[in-house]
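*Asks:* Protein chains in written order, with the working numbering: chain A, 1 to 238; chain B, 1 to 394.
Treat the hints with care, as some may be off.
Heads up, simulated SDA-like pairs for lysine to any residue below, C-alpha to C-alpha not over 20 Å straight-line [claimed, not checked]:
#1 K10/B x M122/A
#2 K293/B x S131/A
#3 K10/B x S131/A
#4 K384/B x S131/A
Since the hints were derived computationally from the structure, they do not count as laboratory data.
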Amino acid sequence: MNPRRRRGIRGNTSIVESVRLTKIYGSGDISTVALNDVSFEIQRGEFVLIVGQSGSGKSTLLHMIGLLDKPTGGRILIDGIDATFLSDSDRSEVRRHKIGFIFQAFNLLADLTVVENVMLPMMMIGNGASSAMRGEAELVLGKVGLAKQVEKQANQLSGGQMQRVAVARALVNRPALVLGDEPTGNLDSKSSQDVINLMKELNRELKQTFVIVTHAREAFGNVDRTIVLKDGKIESIE
Amino acid sequence: MDFRLVLATKLLLKRKGNFIASVTALVIGVMVILFNSLIFNGVAEGILRDLADYQFGHVLVSKNDGNFVNEDLQLISYVQTFSYVEAAAPRLGSIAWMNSTEGASLNEVDKIVIIGVDPLRDPKASLLYSTVNEGSFVASRGQLVLGSNVASDLKATVGTRVDVKMVTASGEDAIRQFVVVGISKSPGGLAFDDSAIMTVEDIREITGRERETDQILIKLTDRSFQNELKSRLSNAYAEENLNIQTLEEAGEETLAGIRSGIAFINLVGYFGLLSASFAIVTIMMLMVSNKTKDIGIIKSLGGKSTDVLIIFILQGLIIGSIAALSGFIVGSIVGLYLQSIEFSFGPGLVLEVVYDPVFTLNSSLFSVVLGTGAAVYPALRASKLQPIDAMQHS
Ligand SMILES: Nc1ncnc2c1ncn2[C@@H]1O[C@H](COP(=O)(O)OP(=O)(O)OP(=O)(O)O)[C@@H](O)[C@H]1O
Ligand SMILES: [Mg+2]
Numbered sequence: 001m002n003p004r005r006r007r008g009i010r011g012n013t014s015i016v017e018s019v020r021l022t023k024i025y026g027s028g029d030i031s032t033v034a035l036n037d038v039s040f041e042i043q044r045g046e047f048v049l050i051v052g053q054s055g056s057g058k059s060t061l062l063h064m065i066g067l068l069d070k071p072t073g074g075r076i077l078i079d080g081i082d083a084t085f086l087s088d089s090d091r092s093e094v095r096r097h098k099i100g101f102i103f104q105a106f107n108l109l110a111d112l113t114v115v116e117n118v119m120l121p122m123m124m125i126g127n128g129a130s131s132a133m134r135g136e137a138e139l140v141l142g143k144v145g146l147a148k149q150v151e152k153q154a155n156q157l158s159g160g161q162m163q164r165v166a167v168a169r170a171l172v173n174r175p176a177l178v179l180g181d182e183p184t185g186n187l188d189s190k191s192s193q194d195v196i197n198l199m200k201e202l203n204r205e206l207k208q209t210f211v212i213v214t215h216a217r218e219a220f221g222n223v224d225r226t227i228v229l230k231d232g233k234i235e236s237i238e
Numbered sequence: 001m002d003f004r005l006v007l008a009t010k011l012l013l014k015r016k017g018n019f020i021a022s023v024t025a026l027v028i029g030v031m032v033i034l035f036n037s038l039i040f041n042g043v044a045e046g047i048l049r050d051l052a053d054y055q056f057g058h059v060l061v062s063k064n065d066g067n068f069v070n071e072d073l074q075l076i077s078y079v080q081t082f083s084y085v086e087a088a089a090p091r092l093g094s095i096a097w098m099n100s101t102e103g104a105s106l107n108e109v110d111k112i113v114i115i116g117v118d119p120l121r122d123p124k125a126s127l128l129y130s131t132v133n134e135g136s137f138v139a140s141r142g143q144l145v146l147g148s149n150v151a152s153d154l155k156a157t158v159g160t161r162v163d164v165k166m167v168t169a170s171g172e173d174a175i176r177q178f179v180v181v182g183i184s185k186s187p188g189g190l191a192f193d194d195s196a197i198m199t200v201e202d203i204r205e206i207t208g209r210e211r212e213t214d215q216i217l218i219k220l221t222d223r224s225f226q227n228e229l230k231s232r233l234s235n236a237y238a239e240e241n242l243n244i245q246t247l248e249e250a251g252e253e254t255l256a257g258i259r260s261g262i263a264f265i266n267l268v269g270y271f272g273l274l275s276a277s278f279a280i281v282t283i284m285m286l287m288v289s290n291k292t293k294d295i296g297i298i299k300s301l302g303g304k305s306t307d308v309l310i311i312f313i314l315q316g317l318i319i320g321s322i323a324a325l326s327g328f329i330v331g332s333i334v335g336l337y338l339q340s341i342e343f344s345f346g347p348g349l350v351l352e353v354v355y356d357p358v359f360t361l362n363s364s365l366f367s368v369v370l371g372t373g374a375a376v377y378p379a380l381r382a383s384k385l386q387p388i389d390a391m392q393h394s
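With the sequences and hints as input, model every part of the structure.
*Replies:* Structure representation (structure tokens):
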């Protein structure tokens, strides 16, 4: 990995630093500016919400932070490492070890069981599957209320259940940075609150950083900061 | 178990359709090679077998300078002391003109090849006698067996009298009358249908070549002893200037003609294999493209391009191995079956199909190479996608 670390403004290393980030989809007449000159920093251990209207660029921003896509302009730094200088393989390495991602569309592997989906991030880090991993995966699945579903095929679950599997998969490795794209969007208010409580608990106890896109910021109560996006620009940081 | 192997098997086995299609395409590819080789070798072996049975025996002995005179029986007695020699018989060839007055008209044939046989020894060393399917084989002097084409040209049947003219050693014509005792029709275009058979004694007497023999054919209990017998004979008769030929050597000319035909059959076979390969690559592309979203998910979780590549190459390996196993089983069944029956394409040559387990295994293992190779290109392409692009692929 190319260690072009740089110090954050306050001397310590920010977990996320976005520098004049721009993303343009398509080209010419049919191009969409999804992100326009977006700069911010997120410190280790912060719980941050990203809000904004539909189409304001929330998902796009989260994908950039998660190194899932490349920006058109500007730079993204994860844990002080400038992703611009990383090879695809090194970007995978960063995702594998530092980031857990909860997708808006869940993105489970349909051919795997629930527990296999959750074990996969662990199997990628450790060498292959072990019973300890299975135990760990079942534990996290229990915390999101899916203890009874572990052996089910992932594509046989309801939308809300899939979302909770996606949450479990993102959390199981205890990554330093958890990115959630409406992680409670498909859940009833009870399950939604359970998942939010779990994330806040992990944030408090393990100092994991959470960056969560949501349409329901009230449900999260007090958070460290909220970034408000509008038309691909930062409207305010509260 | 490595996560790539876990994913390779899970992603493969949960989608049976593609899996079965690609295994089938590979098995067809293997079967093309196997069937082709069974036929290729079957034709060549069938021809050699017929040449051995009817024409040359397993070892054919002649003299480089003219014919054996009076020494044929001595050589026959000598070779029969070897345990692997089943029988040996002398032959003497000639050319004849024949006519018959059957049906009130004069029917003539020119330049017919006459095979002179020893009525007692020949049936032990050769299957020539078995080509007679009407009447009987020559048993004594004055008897004649006609090839079916010659018989129809002469309008001759069993019992017909035929005048036979040959040229003597001193260049004069000699004519004798024979009785047709049999009509011969041989399998697989051995050309006996255009010749005739009489006793070696008659040819010697008519042509004035007393006690002469031009070929001795030797039948072995097992063809594999032919080289040993050849070297024994050349040592024992070192001063005699013998021409000792194994079956392959004697049949070289016949086989050469057939080989170009077989080469063509083989070419067709390899085109079949080529199209099977294209089918496999296409199915693999389809499989990978169906998995593009999964590839994106795997990469989003931290999977690298090489991991994706390994997953699909492992899949090719699994598909190839299962195809190899199926190909080996199916190929063995087909091979053993064709070996057990008298397989032929219509009347004529019966193929001598020999099932070869080692070759069958090797050809089957080729599908592992093919399956893995076919997976590389689509996997390479898919592994290059950005995770988001792959996940949004529909
Ligand atoms: N792959 C893409 N190709 C082209 N345009 C895209 C693509 N993805 C997003 N966009 C566009 O970029 C803009 C921002 O999209 P984005 O998905 O980031 O919005 P969002 O804030 O997540 O919206 P929502 O709340 O509905 O999920 C939108 O105008 C969208 O149409
Ligand atoms: Mg979105």
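*Asks:* Decide, hint by hint, whether the structure agrees.
*Replies:* Hint by hint, here is what the structure shows:
1. K10/B x M122/A: holds (17 Å)
2. K293/B x S131/A: violated (28 Å)
3. K10/B x S131/A: holds (18 Å)
4. K384/B x S131/A: violated (33 Å)
Hint check: violations occur at hints 2 and 4; the rest are consistent with the structure.
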